[in-house]
Amino acid sequence: MGVALSGTSISFFIQTVYFINQNLLVLGVRPDQPQHLGKAFLSKFSIIMNTQEMTRQESLDLIAEMIESTKHRYHLNDGNIFLFWGYLSVATCLLVWALLSLTANPLFNLLWLLIPIFGGLYTVFQKYPKKNKGYVKTFTDRIIGTLWSLIGSFAWVLLIICFAVQFFFGHGVWFIMLVYAFLVVGIGSAVTGIVVQERSLVVGGCFSAIAGSLFLIAQLMHFPMKAMWVVPLYIVCFMVMMVVPGHIINAKARRQSTVETGTNAPSHAC
Amino acid sequence: MLAELDPLLHSQLRLAIVSLLMGVEEADFVFLREKTQATAGNLSVQIDKLSNANYIEVLKLQSGKRPRTICRMTREGRKAFENYVEALKSYLPI
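From first to last, the protein sequence lines stand for chains A and B.
The first sequence stops at residue 270 when you use the numbering used here, and every number in between is there.
The second sequence stops at residue 94 when you use the numbering used here, and every number in between is there.
Quick caveat, the hints were computed from the structure, so don't treat them as lab data.
Some clues are possibly wrong.
Said to hold, decoys possible - Computed list of lysine-lysine pairs in DSSO-like fashion (alpha-carbon distance at most 27 Å, straight line):
#1 K60(B) x K35(B)
#2 K49(B) x K137(A)
#3 K133(A) x K35(B)
#4 K133(A) x K252(A)
#5 K133(A) x K89(B)
#6 K127(A) x K137(A)
#7 K79(B) x K137(A)
#8 K89(B) x K35(B)
#9 K49(B) x K89(B)
#10 K60(B) x K49(B)
#11 K133(A) x K65(B)
#12 K35(B) x K127(A)
#13 K137(A) x K252(A)
#14 K79(B) x K49(B)
#15 K60(B) x K79(B)
#16 K65(B) x K226(A)
#17 K35(B) x K252(A)
#18 K65(B) x K127(A)
#19 K49(B) x K133(A)
#20 K127(A) x K252(A)
#21 K35(B) x K79(B)
#22 K252(A) x K49(B)
#23 K89(B) x K79(B)
#24 K127(A) x K89(B)
#25 K65(B) x K79(B)
#26 K226(A) x K35(B)
To be verified - Some chain A residues flagged as far from chain B (calculated, every beta-carbon gap over 10 Å):
#27 I63
#28 L83
#29 A104
#30 T138
#31 V184
#32 V191
Quick caveat, the model's predicted, so the values are computed rather than measured.
Each residue gets a CB set at the ideal place from its N, CA and C atoms; glycine is no exception.
Model the full assembly from the supplied sequences, consistent with the hints where possible.
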């Protein structure tokens, strides 16, 4: 048994050495030059990419191919971030409205803070993709990321101003947060839509921005702010500027994935 | 007079890495491996070479429990790539 095993091992070793030498000779590399072993193996056995030198035309083709492969990144990969913020805003609005209607306790307004807290956490955690998913950041991603960082920072500044006015002057100017939600977030969605060429975001964002302008005019005219019209307006705006575009972007991402893979493999988009 | 091609960029995998990174702000190891279809070991070696030449910047981040290698072009790398393309143009009637 031991002899048989040794015989098999020696035979395998001899075959391997012969195979290596044959391939090195095919590649024009002398087997007595061990420094070339790595390069020879890479150029012979790497399936697609290797370190082999190319002709000038091959270089240009390769550059064009690689640039082409990142071209689709000028569009959003999925609309999950819009869906999360949209549904979170709508759910929080309904929760606050329900609790205020039932208890009439204004402290429940603090629950609005759930939106920036949960939304901010989700945004941070979804920055890098899950296991085995490649991460890439393009110029478009940077523009959109910076835009929404500014919008998010503006929300916190407004919140601090509202708290300060309430604390020092005893005036509630919280309606400005609603103006912000309609107008500023609406403009943010519209600009995002323009950058990524997604019409539903532009339309939804403009709708919300116009609603915000009308809401501001109503406030300046001392039109009474009542839940019966503010809550539905808020829900409609977030549905139109985030939820609907989020589903549309996901549907497009799924279609794109099907076209690229040629299968009906499920997309990472929900 | 034909310009000399940068030997560091004139190899398939390194040129593929640099071409990909030129089109984006930054990308991680997994993305580069997906696009180039190279083996992890080979890709890692070529990234090191480009990083040593200061053509790309490599950041090692911790994403959850697993490390994530982020690559991005440096100013020097962008210049080298531009020079490489210019040199290619001198060889071909473009």
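Outcome of the hint check:
1. K60(B) x K35(B): Satisfied, since the Cα-Cα distance of roughly 20 Å is no more than 27 Å.
2. K49(B) x K137(A): The given pair, whose Cα atoms are some 22 Å apart, holds under the 27 Å limit.
3. K133(A) x K35(B): Given pair K133(A), K35(B) holds - Cα atoms ~12 Å apart, limit 27 Å.
4. K133(A) x K252(A): 19 Å, holds
5. K133(A) x K89(B): Violated, at roughly 36 Å.
6. K127(A) x K137(A): 10 Å, holds
7. K79(B) x K137(A): 20 Å, holds
8. K89(B) x K35(B): At roughly 25 Å apart (the allowed maximum being 27 Å), K35(B) and K89(B) satisfy the hint.
9. K49(B) x K89(B): It holds: about 25 Å lies between the C-alpha atoms, which stays within 27 Å.
10. K60(B) x K49(B): 16 Å, holds
11. K133(A) x K65(B): Holds. K133(A) to K65(B) sits at ~15 Å (cutoff 27 Å).
12. K35(B) x K127(A): With Cα atoms ~20 Å apart, K35(B) and K127(A) stay inside 27 Å; holds.
13. K137(A) x K252(A): With Cα atoms ~20 Å apart, K137(A) and K252(A) stay inside 27 Å; holds.
14. K79(B) x K49(B): This hinted pair holds, its Cα atoms lying about 17 Å apart.
15. K60(B) x K79(B): This hinted pair holds, its Cα atoms lying about 24 Å apart.
16. K65(B) x K226(A): It is violated: about 48 Å lies between the C-alpha atoms, which goes past 27 Å.
17. K35(B) x K252(A): Holds: K35(B) and K252(A) sit about 22 Å apart, inside 27 Å.
18. K65(B) x K127(A): Roughly 15 Å between the alpha carbons, so the hint for K65(B) and K127(A) holds.
19. K49(B) x K133(A): Within the cut-off at roughly 24 Å; holds.
20. K127(A) x K252(A): Distance ~21 Å between K127(A) and K252(A) Cα, so the pair holds.
21. K35(B) x K79(B): Roughly 23 Å separates the two Cα atoms, so the pair holds.
22. K252(A) x K49(B): 39 Å, violated
23. K89(B) x K79(B): 15 Å, holds
24. K127(A) x K89(B): 39 Å, violated
25. K65(B) x K79(B): Distance ~36 Å between K65(B) and K79(B) Cα, so the pair is violated.
26. K226(A) x K35(B): Since the Cα atoms of K226(A) and K35(B) sit roughly 54 Å apart, the hinted pair is violated (cutoff 27 Å).
27. I63: 5 Å, violated
28. L83: 22 Å, holds
29. A104: Its Cβ never comes within 10 Å of chain B, the nearest being 44 Å, so this holds.
30. T138: 5 Å, violated
31. V184: Answer for V184(A): holds, closest chain B Cβ roughly 26 Å.
32. V191: 19 Å, holds
This entry does not satisfy hints 5, 16, 22, 24, 25, 26, 27, 30, going by the numbered hints stated previously.
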